[in-house]
Amino acid sequence: MPEHKAASRLRLSGLCFLLQILNILLFAGFVRYSPESSSSLCSPQLNCSRRNQDSGFQHPRFRDVHLQVLLGFGLLVAFLGRYGPGSVAISILIVSFAIQWAILIQGFLYFLNGKIYVGARSMVSADFCTAAVLISSGAVLGRVNPVQMLLLALLEVTLCTLNEYILLSLMGVSDSGRSLTVHTFGAYFGLMVSRILHQPHMDKRKREDQQNTGHQADVFAVVGTIYLWIFWPSFTSATSVHDNAEPWAVLNTYFSLVASTIATFILSPVLYKESTPRMVQIQDATLAGAAVMGMAGEMLVTPFGALITGFLAGLICPLGFRFFTPVLQSRLKIQDTCGVHNVHGLPGILGALLGMLLTLLATADTYGDRLELVFPLVAQGSRTAADQALLQLCALPLTLLLATLGGCLTGAVLKIKALRSPPDKGNLENTGLWEEQVDKEGCDPRTSGKEPGISTLV
Amino acid sequence: MPEHKAASRLRLSGLCFLLQILNILLFAGFVRYSPESSSSLCSPQLNCSRRNQDSGFQHPRFRDVHLQVLLGFGLLVAFLGRYGPGSVAISILIVSFAIQWAILIQGFLYFLNGKIYVGARSMVSADFCTAAVLISSGAVLGRVNPVQMLLLALLEVTLCTLNEYILLSLMGVSDSGRSLTVHTFGAYFGLMVSRILHQPHMDKRKREDQQNTGHQADVFAVVGTIYLWIFWPSFTSATSVHDNAEPWAVLNTYFSLVASTIATFILSPVLYKESTPRMVQIQDATLAGAAVMGMAGEMLVTPFGALITGFLAGLICPLGFRFFTPVLQSRLKIQDTCGVHNVHGLPGILGALLGMLLTLLATADTYGDRLELVFPLVAQGSRTAADQALLQLCALPLTLLLATLGGCLTGAVLKIKALRSPPDKGNLENTGLWEEQVDKEGCDPRTSGKEPGISTLV
Amino acid sequence: MPEHKAASRLRLSGLCFLLQILNILLFAGFVRYSPESSSSLCSPQLNCSRRNQDSGFQHPRFRDVHLQVLLGFGLLVAFLGRYGPGSVAISILIVSFAIQWAILIQGFLYFLNGKIYVGARSMVSADFCTAAVLISSGAVLGRVNPVQMLLLALLEVTLCTLNEYILLSLMGVSDSGRSLTVHTFGAYFGLMVSRILHQPHMDKRKREDQQNTGHQADVFAVVGTIYLWIFWPSFTSATSVHDNAEPWAVLNTYFSLVASTIATFILSPVLYKESTPRMVQIQDATLAGAAVMGMAGEMLVTPFGALITGFLAGLICPLGFRFFTPVLQSRLKIQDTCGVHNVHGLPGILGALLGMLLTLLATADTYGDRLELVFPLVAQGSRTAADQALLQLCALPLTLLLATLGGCLTGAVLKIKALRSPPDKGNLENTGLWEEQVDKEGCDPRTSGKEPGISTLV
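Those protein sequences? They're chains C, H and F, same order as listed. First residue of the first sequence? That's 1 in full-length UniProt numbering, and the numbers climb one at a time after it. First residue of the second sequence? That's 1 in full-length UniProt numbering, and the numbers climb one at a time after it. First residue of the third sequence? That's 1 in full-length UniProt numbering, and the numbers climb one at a time after it.
Here chain C stands alone, though its shape is the one from the complex (with noise of 0.2 Å):
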């Protein structure tokens, strides 16, 4: 029935088509450049009004658009591992329509009055909202079609904004590296879509050999790994650098990453037989690493802080792989096809817990001129240094909350039996490269050993 694989294939082609022409009239009748004085675009949005007292602020900017694309470039360097190059070419098309559609309804939440205003942190903004359906994707690739994941794509964009709303602007929480509203929201969201889509009855196939491309996988962890260490820090304090200040947010990612490298030198030997951990493993250690430093990152003001913060990140990643995911998969029926909980979930829970018990402990004489760059309403006054914990701590479950909601919400929309199995099999096909990619790049070796089964829904 070439006819049907034919109307099959144009179906993704025909989707992207409406939605672009729509993004392009929205963009046409709402999206213009910010006026040259820029200042007063930045007032609503991102939290920033603080930042602009600071004279150093106008040299970030361009760094700041050029950083723009790294945050999810890096995630998918660091996944091309895993899912070869047939996955990221769904996985740039998804970055090219969710940083579009971030722009369009970030816009509509902080400019409610007429014209959305775009300028460089607007950028950086929606590209941590692309973050964010990255990792979710993570949890549910090889199990979704480009149609279904365009969808995702949509829906939790338009959740993460809304929950990076209620924390920044109306909570006032300082998450500048986004612990919360990225690695803890995405990796939630995506589990729970992981749980919906679950059938039980799938055929449990088996995986093929992964001796063969495990050279090649090694090869892109080791890509991926040098990528994270040497543009993630820039990642954490993209929106928190000022130049007359020294970076601790950078330093502090830093010494995390360091420090959760080698505590997976000294797990990895005591989980498994082999002497020296994986790349990938390596790979995921540096992603906790930096991911447990989002929010605390500004606010550490020790070294060592961040050295047991990035060793305690490190020895959950494995231990999460090794006793977690089985348990995910078996008792709750969450595949979690990359382990984002491990990588993303827990280092993101543990950052926020830490960044709400600095906040507690925050006063003038150990910040300094810092804390009006850090926790601005404390620093005027406004709301005390345990207020201002209670909120950063309130913000954990209500984060939790709307990624466990959304992703339910999502998941079920997804499962909609037009989406999921089209009248002919030229979805197969579709999946069907994702479904082989996977199973010949080999998805997570540690994952893959106890759950076979990588299915489509078809």
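Think of the hints as simulated: they come from the structure by calculation, not from any bench. Keep in mind that a hint or two might mislead.
The list treats identical chains as interchangeable, and a pair is accepted whether it falls inside one copy or across any two copies.
Said to hold, decoys possible - Taking lysine to any residue pairs in the SDA-like style, the calculated list, with each CA pair at most 20 Å apart, reads: (1) Lys273 - Val413; (2) Lys115 - Pro397; (3) Lys115 - Asp365; (4) Lys273 - Gly381; (5) Lys417 - Leu361; (6) Lys115 - Gly29; (7) Lys115 - Leu402; (8) Lys273 - Phe17; (9) Lys333 - Phe231; (10) Lys417 - Ile21; (11) Lys115 - Ile94; (12) Lys273 - Leu109; (13) Lys333 - Leu353; (14) Lys115 - Leu25; (15) Lys417 - Tyr272; (16) Lys333 - Ala28; (17) Lys115 - Thr366; (18) Lys115 - Thr302; (19) Lys417 - Leu109.
In this text the structure is predicted, and so the values were computed from the model without any measurement.
With the hints as your guide, set chains H and F onto chain C.
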């Protein structure tokens, strides 16, 4: 005949030695670092007088130099997926010579009276020239030997610099991202050389099956695409970013990349049998989306303009590959190994036309203070917007004329028998490396189906 | 004997655990972030008092940190092509520890009275130390086990920091790109360790045919070369770029890279049978061209000087591989796995000699205001140019002396039986990873022809 072989092997070596000694002597005689008071060097060169009045001028300099090799190497990475490491060795040699020649020739044009003063900006300018050479080489790759390539580089650097001098300095055309002087010039120059080198009676050898290397080519295309997304927006704006203004050129380029990527996902299933485009097609779309923003990047005042333009570029590029490249090959006898006509040529022309249109619409109202930066002569009142638009329009046929004439001339020189077919078969050995690489790595899979013969000039 | 194996496997794990706990305790006890008024920390350390007077000082800081891991990872990428992902895992462990140790030991040297204040600049300095460790490891790779490697790192970091302290702080030597303190020190330290670890009766096992992996090694060399071209000029100038001055160090490094690359194309066909050099040779030339500019980069006042120096370095490097490495191996019993003597050692010495010569010629006429930046003591009149040149000259034998003595000492420690041959064969398993990688991935193809045995220390 081992002696012949050795002689041929040493031919390139000896030529490089002579050329480099000559370069060192010319540098020793003429080239100096610019004196500390750097404002003096800038006035005649690179049309940068207008930049100096910007107080934010001093900071981008280091970054400019940092970026200077990025442009060329971005192209290298992009080509890498198609030609393999062997061809990169020669390309790096070409880059090494082209940078030196570009500095010398620019210097002779701009500093007629004595010493050539180089600095960060002349390095950037030299690198733009090198990029044009790399683009041209993409059209003839696999059909010229290294000695011919060196000669091509020398001639093209001369003509490209001349073109740039006429356009930017004499005519005052605004082309900060080099849609015309790099993308259009490089593409049509290379195509004309390819036409002249066409040999009707070449054996049309069968290409090997490319299935083997399909995976690796895709991996390279992933790396190339990510590289372009990360670094290209910085190239486009290398000479146009100001610390005190929102980086419109960067933002516009991002929006253009996003839209052209999506366009590929829309058109690819229509034109080909695959449901998702191959990574190499996404990479081409990324390049096209960036090339089209070269001139208009700093002129567009609304994001949706960039979305539309990028979308069009993303449509033109695969359409060109599908319908235009076969016509070029069969009717016009122009073989375009890498499809530079679709990736650089057509988008460059589109970008130039858009730039002309935008110039026509330029008023102080829409641009504000930015008018001084984008169209200094219009802002100073010495020229009307319509005059500027007319000059921008004239720049296009002028560039095409210079590129085609220069390409004809260069092709004729490269056809000289001494270069083309050395007395022994040593040259075969030289080109063998290329040919084998091209055959093995797989050139562009779309063109290869139409015209199997990547032939050597023996 | 699975128990023995497990015990051996846990040895590295336990050692890492103890060392990291110790690091955390030391950091908790001594290391703090530098207070906001950052000028105070800078005065004794890194010879940077002279930098602070430059008003452009504040901006490069973030970039410095951003670059801090680049240097080490640049080397990693460069080695990657030869040793494969397996060796990178251990290298990342070494980097993780070396950075912490370098900060501690620098701190103890520079801040004798109490707390160690870290900031962006101490991270950069720590990273330079880490680079020296990586260079040394290039000489002994494949013949030491991870535990020995950790010990080597600890000892080398100590001695390297001491050498740097004597040269930069006590003697006031100008070595901003670390020709002496990183390249020369690292190379000769590693060579001496290699000499001491030499075992005459090792079995000279036959290497596998390397044809299989030749393509992949070339791919990595392409990535490594491009990485070096892009990022290395920034390393060389990490501590010497000023926003208000043209970045001579960067420009000189580019010119040097260009010339050394061309030199490889000239010499390679003469020395070997191939008409074009292999990518790994181009990568070595790039490293040599950068190493030679370490000290002289900010002193050279004319571009042609950089062209000549880079050209010489590009000639020395392949000549060393062809004629010097075999002599080292057969006569001096020094096995140089990666050829660090040709890539870092000889160019480093050449760079130091050139720096001395240029110091002798330094006058206020040629340098202008820049004299204050390059030779602050000369500019202040407390030292003549000849005195400075004498000190620069003395720094070379001093560095060589410290490196060789330190290498002997370290080699002797590594030979301790407890480290070398554990009671069981577990250690074999550890080194097996290395050996296998080296065998498979192919070490340097040029040295491998001469001395086949990359042997393990069992």
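Results for each hint:
no. : hint            : in the structure
1   : Lys273 - Val413 : neither (42 Å within a copy, 29 Å between copies)
2   : Lys115 - Pro397 : neither (33 Å within a copy, 39 Å between copies)
3   : Lys115 - Asp365 : between (43 Å within a copy, 18 Å between copies)
4   : Lys273 - Gly381 : neither (55 Å within a copy, 64 Å between copies)
5   : Lys417 - Leu361 : neither (52 Å within a copy, 50 Å between copies)
6   : Lys115 - Gly29  : within (8 Å within a copy, 54 Å between copies)
7   : Lys115 - Leu402 : neither (28 Å within a copy, 45 Å between copies)
8   : Lys273 - Phe17  : between (50 Å within a copy, 18 Å between copies)
9   : Lys333 - Phe231 : neither (35 Å within a copy, 42 Å between copies)
10  : Lys417 - Ile21  : neither (26 Å within a copy, 55 Å between copies)
11  : Lys115 - Ile94  : neither (25 Å within a copy, 49 Å between copies)
12  : Lys273 - Leu109 : neither (51 Å within a copy, 41 Å between copies)
13  : Lys333 - Leu353 : neither (27 Å within a copy, 57 Å between copies)
14  : Lys115 - Leu25  : within (13 Å within a copy, 54 Å between copies)
15  : Lys417 - Tyr272 : neither (42 Å within a copy, 28 Å between copies)
16  : Lys333 - Ala28  : neither (44 Å within a copy, 43 Å between copies)
17  : Lys115 - Thr366 : between (42 Å within a copy, 16 Å between copies)
18  : Lys115 - Thr302 : between (43 Å within a copy, 12 Å between copies)
19  : Lys417 - Leu109 : neither (32 Å within a copy, 68 Å between copies)
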